[in-house]
Amino acid sequence: MLKIENLHAEIDGKPILKGLTLEVNAGEVHAIMGPNGAGKSTLGYVLGGRPGYEVTEGSVTFDGVDLLELEPNERAAAGLFLGFQYPVEIPGVSNVQFLRESLNAQRGQRDEKPLSGAEFLKLARAQADGLGLNQDMLKRPVNVGFSGGEKKRNEMVQMGILNPKFAILDETDSGLDIDALRIVGDGINRIMRAPDKAVLLITHYQRLLDYVQPDRVHVLADGRIVRSGGPELALELEREGYAGVEGAAA
Amino acid sequence: MATKNAEALAAANKKYEWGFATDIEQDFAPKGLSEDTVRYISAKKGEPEWMLDWRLKAFRLWQTLETPDWAKLNIPPIDYQDAYYYAEPKQKKTIASLDELDPEIRRTYEKLGIPIAEQEVLAGVEGARKVAVDAVFDSVSVATTFRKELEAAGVIFRSISEAIKEYPDLVRKWLGKVVPQRDNYFATLNSAVFSDGTFVYIPEGVRCPMELSTYFRINAENTGQFERTLIVADKGAYVSYLEGCTAPMRDENQLHAAVVELVALDDAEIKYSTVQNWYPGDENGVGGIYNFVTKRALCQGKNSKVSWTQVETGSAVTWKYPSCVLAGDGSVGEFYSVAVTNNRQQADTGTKMIHLGKNTRSTIVSKGISAGRSDNTYRGLVRVAATAENVRNFTQCDSLLLGDQCGAHTVPYIEVKNPSAQIEHEATTSKISEDQLFYAMSRGLDQEAAVALIVNGFAREVLQQLPMEFAVEAQKLLGISLEGSVG
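Protein chains in written order, with the numbering used here: chain V, 1 to 250; chain E, 1001 to 1487.
Here chain V stands alone, though its shape is the one from the complex (with noise of 0.2 Å):
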């Protein structure tokens, strides 16, 4: 579904992927951990299509379609969804008419037919009540005022509104207390666990792994994946941490 391969990019002139390859078929879900700053945001925006990550190499395909000619609105519109390790304020702009015009534009990219308010209404309803969000949270401006719980699981919710085919998922356990894990590993489950979809967990720590069963593991580290397994790799790094990893790295 999802085939990386020998990919190089850097940030300001400053290369911080050096050749990552990996393929994440449809109906798995697959995890990237790695110490600080080995390159695990920037493989998420990079796939997001984010401006000033610039690809050097390699390719990324999706579905067979060239990801990195397309837009980020167009990656949005071909399944791609992106949860933000820091999702973004937007003042005076309710969640509701953010992610209704989202999912419109998306659905206008597909041609397909725009939802009413009201048919989007119910659909963002029961998505916040599966997260155990709030349903005033639809009203607010979109992450404005949100708890750093509460902006992760409104990333959770967006998913399950915007029904994506590949989430690639960026530290959407950090900030969260037990419960939320709890809540947010099932929404995952729920909204992404289906042969058709896929999804991409980059994470620093085991405990969400708890929750969403990973099929592959892999260890990124200085801008490659260093080394892949299955679930019992991420409880290995969990004991022994990345130092091992690391030097196979060097």
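Think of the hints as simulated: they come from the structure by calculation, not from any bench. The structure presented is a predicted model; accordingly, all values stated were derived computationally and were not measured. Positions of the beta carbon are idealized from the N, C-alpha and C atoms, including for glycine. You may find that some hints are simply not true.
[Unchecked claim] Okay, derived cross-link-like pairs now, DSS-like style, lysine-lysine, Cα gap no bigger than 27 Å in a straight line: (1) E/1352 - E/1177; (2) E/1148 - E/1057; (3) E/1302 - E/1173; (4) E/1431 - V/151; (5) E/1235 - E/1057; (6) E/1417 - V/139; (7) V/151 - V/139; (8) E/1352 - E/1235; (9) E/1302 - E/1417; (10) E/1431 - V/14; (11) E/1358 - E/1417; (12) V/113 - V/197; (13) E/1235 - E/1177; (14) V/113 - E/1165; (15) E/1431 - V/139.
[Stated by the list, open to error] What the simulated footprint calls covered on chain V by chain E, stretch by stretch (three residues with Cβ under 8 Å from a Cβ of chain E suffice, anywhere in the stretch; the number is not a length): (16) 47-60; (17) 63-76; (18) 90-102; (19) 105-113.
Start from chain V and add chain E according to the hints.
Same frame as chain V, now just chain E:
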């Protein structure tokens, strides 16, 4: 030729959708400005002697004045002799019904989406609401709708030319009382040559049964538009008034110098909303309207209230300070403004809140959005007289910058002569952030939609003051005005 010119410009710059010209025959006053021009206009309108005298007095005063230069605006000298001061669509002198209106003019208003026909009732959210429209085409008011229904309520809604003849006492009583002839250069000029405009009178205790609206359209080339609006709300009356404006795209500058006077007596309330979308010129600053407008409200009565809401997206140059003189004890003045400048546009706009009465309150919320190589200045005065006890003012000025070649400036003047006053002033300047843009785009919005969404959020506090129909239009307009300003 004029039409061709406009078409060529329209092809070059598709962003201004209202840039078409209407090909109709028009009567012009002789070019240039002299006492003869003033007499021509007055005669053309069949005005009484007192009106002509009033105009001539203003004209003689104007000749002694100099163009003000205190605003942060860079304007080439204007040749007042190189313009027409009066243009009138040629048609039968009086029309019995709207059906007789020149079909070309009707088509123009249809293109602009103005509901000039009575059967067109705009749908608001709380059921259909009626909006009465006075449409001013160049110098002349061409149609006023819903007149009978308004008359039943006792509301007078007329072009000012008609009102001068039909209600001379009311007009004479208030004309020039809020904005005196000698107020400023452009107000004096307007007093001499104003061509048409709107007169509204809401009698005591009457809540105007529908929103009143005037649509201004400059069509003819080299024509100034000088409209004059006078609204009087008698004791306990209420009216909501909307004003919209567009002009064809022309590569020369056109002058617009309007005067709006509002009077609110005891417990009366006037809500005045403007969506100004005059042609702003092209991306190199060629053409566009020079918009020099004097708008002022006199809250004469106790507990009266005037609320100005403006969305300013057009004009090459905007010079405009809708103000409130809070004379009546307990009176309230409000000013909500969104001013957008793009390309080479310049705006110097704000308000004056003059507190004279006791317990008077004012609120100022100004949102400036600058893009391209434009300059956007908020200039506001809060003055508290020695006699005014317990005054409160709250001012909030926020500026949003798109790109790094535009300017945002805030120039507040605060003069307080009574120690019991509470004055608050908050100001922020921010840039539209790449984080916000990327976040919105990653959810599916294209760049223009993302910018429009963020800007509308920024301006929300002001937009929500507008009546529903206007708010929707204004939101779209903000997006269109900023197209191509990022990336």
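Against the structure, the hints come out as follows:
1. With a CA separation close to 17 Å, the supplied pair residue 1352 of chain E and residue 1177 of chain E stays within the 27 Å bound.
2. A C-alpha spacing of about 36 Å is found between residue 1148 of chain E and residue 1057 of chain E, which places the hinted pair above 27 Å, so the restraint is violated.
3. Between residue 1302 of chain E and residue 1173 of chain E the alpha-carbon distance is near 20 Å, which keeps this suggested pair within the 27 Å criterion.
4. A hinted pair counts as satisfied when its Cα atoms are at most 27 Å apart, and residue 1431 of chain E with residue 151 of chain V qualifies at roughly 23 Å.
5. Distance restraint check for residue 1235 of chain E and residue 1057 of chain E: the Cα-Cα separation of roughly 32 Å exceeds the 27 Å cut-off, and the hinted pair is therefore not satisfied.
6. At most 27 Å may separate the alpha-carbon atoms for a hinted pair to count; residue 1417 of chain E and residue 139 of chain V exceed this at roughly 43 Å.
7. Proximity of residue 151 of chain V to residue 139 of chain V is assessed by CA-CA distance (about 14 Å); at most 27 Å being required, the pair is judged to hold.
8. For the given pair, residue 1352 of chain E sits about 24 Å from residue 1235 of chain E by alpha-carbon distance, which is consistent with the 27 Å threshold.
9. A distance of roughly 21 Å separates the Cα atoms of residue 1302 of chain E and residue 1417 of chain E; the hinted pair therefore holds under the 27 Å criterion.
10. The hinted pair formed by residue 1431 of chain E and residue 14 of chain V meets the criterion: a straight-line CA distance of about 26 Å does not exceed 27 Å.
11. For the proposed pair residue 1358 of chain E and residue 1417 of chain E, the alpha carbon gap of about 13 Å is at most 27 Å, so the pair holds.
12. Pair hint residue 113 of chain V plus residue 197 of chain V holds up; C-alpha atoms about 23 Å apart against a cutoff of 27 Å.
13. Distance check on the hinted pair: residue 1235 of chain E and residue 1177 of chain E sit about 18 Å apart at the alpha-carbon level, within 27 Å; holds.
14. Among the hinted pairs, residue 113 of chain V with residue 1165 of chain E is inconsistent with the structure: their alpha-carbon atoms are about 56 Å apart, more than 27 Å.
15. Under the criterion of a C-alpha separation no larger than 27 Å, the hint pairing residue 1431 of chain E with residue 139 of chain V is consistent with the structure, at around 25 Å.
16. Residue count for the stretch 47-60 of chain V with a Cβ under 8 Å from a Cβ of chain E: 5. That meets the three needed, and the coverage hint holds.
17. Three residues within the 8 Å Cβ limit are the bar, and the stretch 63-76 of chain V against chain E gives 5, so the coverage statement holds.
18. Coverage of a stretch by a chain is defined here by at least three residues with a beta carbon nearer than 8 Å to that chain's beta carbons; for the stretch 90-102 of chain V and chain E the count is 9, and the condition holds.
19. Here's how the stretch 105-113 of chain V fares: 3 of its residues keep a CB closer than 8 Å to some CB of chain E, so the rule of at least three is met and the hint holds.
In this structure, the earlier hints numbered 2, 5, 6 and 14 are contradicted, and the remaining ones agree with it.
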